[in-house]
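Counting in this note's numbering, the sequence shown runs without a single skipped number right up to 152 at its last residue.
Treat each hint with caution, since some may be false.
[Unchecked claim] Okay, the calculated beta carbon distance ranges per label pair:
hint, residue 1, residue 2, range
1, E65, S125, 22 to 28 Å
2, T68, N41, 22 to 28 Å
3, R150, T43, 43 to 49 Å
4, N41, R150, 39 to 45 Å
5, T147, R25, 20 to 26 Å
[To be verified] DSSO-like, lysine-lysine: derived pairs with alpha carbons at most 30 Å apart:
hint, residue 1, residue 2
6, K8, K88
7, K88, K40
8, K99, K40
9, K88, K99
Don't read these hints as lab results, they were simulated from the structure. Just so it is clear, the structure is predicted and the values come from calculations on it, not from any experiment. The beta-carbon is built from N, C-alpha and C at its ideal position, and this holds for glycine as well.
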Amino acid sequence: MAVLSPIKLGQILNDESGIRLLRARSAPIVISFLYNTFRKNNTQEIPYEVFRLALEDFLTEHVSEEETIESDIDEENIQLMDIASRVKTYAEDWFSEEKRYIFRYYNQNKEEMIRPSPSLIRVFSYIDNIMESDFISTESSFNFILTQLRTL
């Protein structure tokens, strides 16, 4: 196993897009959308048009949380934009070299596709593990209580 120095850890914390996303103010809404779009549906890639429509629907349902996404973007007049323009701005920000949460590319049919970054997939796995362990610990606690009741 490799030695982890403070310098190496600092480099990882700065370079990993998934960790940057977890530290972002908009993390709850962005991760929720991306998790539900890719992980929940067990999808590795989707057409950009489907992604755009899904994000529009999601933001329509979560209007009050959208402000946190806006705060993570340097765009001046984002509140004045219509929803289609805001969605495009958010997607462009998430594709950006600085963030790299998701990747955009063209498939063989020249269709624009979206896929999560490897770092984002690791964030999804981490979230899955946390949700699994919560269930297991709850079940274990329940079994412990049952054992104690039987003993009494």
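To see whether the hints hold, each was checked on the structure:
1. Between E65 and S125 the C-beta distance comes to about 24 Å, which sits within the given range of 22 to 28 Å.
2. The hinted range of 22 to 28 Å is satisfied by T68 and N41, whose Cβ atoms lie roughly 24 Å apart.
3. Between R150 and T43 the Cβ separation comes to about 45 Å, which falls inside the hinted range of 43 to 49 Å.
4. Between N41 and R150 the beta carbons are some 43 Å apart, a value that agrees with the proposed interval 39 to 45 Å.
5. For T147 paired with R25, a C-beta distance near 44 Å fails the hint of 20 to 26 Å.
6. A distance of roughly 35 Å separates the Cα atoms of K8 and K88; the hinted pair therefore is violated under the 30 Å criterion.
7. Of the supplied pair hints, the one linking K88 and K40 holds, its CA atoms being roughly 23 Å apart against a limit of 30 Å.
8. The hinted pair formed by K99 and K40 meets the criterion: a straight-line CA distance of about 22 Å does not exceed 30 Å.
9. Among the hinted pairs, K88 with K99 is consistent with the structure: their alpha-carbon atoms are about 15 Å apart, no more than 30 Å.
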